[in-house]
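Each protein sequence line maps, in turn, to chains A and B. Counting from 1, one number per residue, gives the positions in the first sequence under full-length UniProt numbering. Counting from 1, one number per residue, gives the positions in the second sequence under full-length UniProt numbering.
Treat the hints as calculated values from the structure; they're not laboratory data. Some hints could be false.
[To be verified] Within a straight-line C-alpha distance of at most 20 Å, the following computed EDC-like cross-link-like pairs (lysine to aspartate or glutamate) qualify:
(1) B:Lys6 with A:Glu56
(2) B:Lys151 with A:Glu147
(3) B:Lys158 with A:Glu62
(4) B:Lys56 with A:Glu193
(5) B:Lys6 with A:Glu53
(6) B:Lys155 with A:Glu147
(7) A:Lys112 with B:Glu98
(8) B:Lys151 with A:Glu106
(9) B:Lys155 with A:Glu106
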Amino acid sequence: MNLSNSEINEMYLDVLKELGNIGTGNAVSALAMMIGRKINMKVPVVKMVKLQEVPEILGGAEIPVVGILLNVEGDIEGFIMFVMSQASAHLLVNMLMGTTLNGYNEFTDIEKSALMEIGNILAGAYLTALSTLTGFKMIQSVPQLAEDMAGAILSFPAIQFGETGDTALYIETEIFEESSRIVADFFLIPTIESYKKMLKALGVA
Amino acid sequence: MMEIIKVGMADLNVTGYPNALTTLGLGSCVGVCIYDTKTKIIGMIHIMLPYSWGVKNNTNPAKFADTGIPLLIEKMEELGATKKNMVSKLAGGAQMFEVTRSEFMNIGKRNVDAAKKVLYEQNIPIVAEDTGGNYGRTIIFYSEDGRLEIKTIGKGTKTI
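Only chain A is shown next, with the shape it has when bound in the complex:
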């Protein structure tokens, strides 16, 4: 079967949308169990975006954001990255620690640990979904956290995608709890070899 690049991208997007749905479902269950309250999720947005537009996703290249990065090893190798606005990151911390938002200060070490733990849970949820769809085994590393300008944080996934193409793939996850709305951008960044392997396993290429 000969498929054009755009057809492959379309099919790949469909599979990844499914992955996003399952992964977000898993993540929300895990988070709800952790805090012992009900959380709602919104069907995530899966998009291919132009590299130049990547920093604009969170409202501009200079906006301060929190990025959580994990290494993935095993049958699929690469990175997982979550990017949140500082407001979303604070809401998540508050949700997890039962505290209230009191303006922005730098995150304390305990708050950073809480955020990295959330990164762990979310990454685990997505990897479990991907593993279910492909049968691949994947191991995630300890997460790393960085707070900086959106453009600077996002240059990491953008550069990794930059080696494969001019577009980046991202999944937007929205989590609600009462009046709180948390938006986290999720990037799955496989190495070029793993990307091919994944496409094949997902039945796309």
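Fit chain B to the supplied structure of chain A, relying on the hints for placement.
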């Protein structure tokens, strides 16, 4: 009226006096800024990767140091700049995360090294640089005197 013109990721731009060029939130990418000391023509490129060879999708020359810097010089010459009057300044090339995977190791430093190599080959002296570290930078390059303003979050602003 001075205009501040934006340069996006994997993009380049040139302008003349009294305008300025800016790129926002440089992380591991490198901003290469070239100034013609006689004509005050300036150019800026936001490089993402060191070399275009070995990369499948390399249709955008502004993404790479090896193809982007010569193109930037060409665009400046089209505006009336002369290569022998050009000097350059570099900013960016940070390591935003401690990455263990060797192939992706410190892309920031690799970008800086590649930019320096290309500038050396092009015979354009580097008169100032603010590279490395683990933080993002916004840069503004003024045609008036070739000064480069560098803004960070939590680490203040400086001019080189």
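Status of each hint after checking the structure:
1. B:Lys6 with A:Glu56: 13 Å, holds
2. B:Lys151 with A:Glu147: It holds: about 15 Å lies between the C-alpha atoms, which stays within 20 Å.
3. B:Lys158 with A:Glu62: Judged against 20 Å, a Cα distance of about 17 Å means the pair holds.
4. B:Lys56 with A:Glu193: OK: Lys56 of chain B and Glu193 of chain A at ~13 Å, within 20 Å.
5. B:Lys6 with A:Glu53: The hint holds at about 13 Å.
6. B:Lys155 with A:Glu147: Holds - the C-alpha atoms of Glu147 of chain A and Lys155 of chain B are around 13 Å apart, at most 20 Å.
7. A:Lys112 with B:Glu98: Holds - the C-alpha atoms of Glu98 of chain B and Lys112 of chain A are around 16 Å apart, at most 20 Å.
8. B:Lys151 with A:Glu106: 19 Å, holds
9. B:Lys155 with A:Glu106: 14 Å, holds
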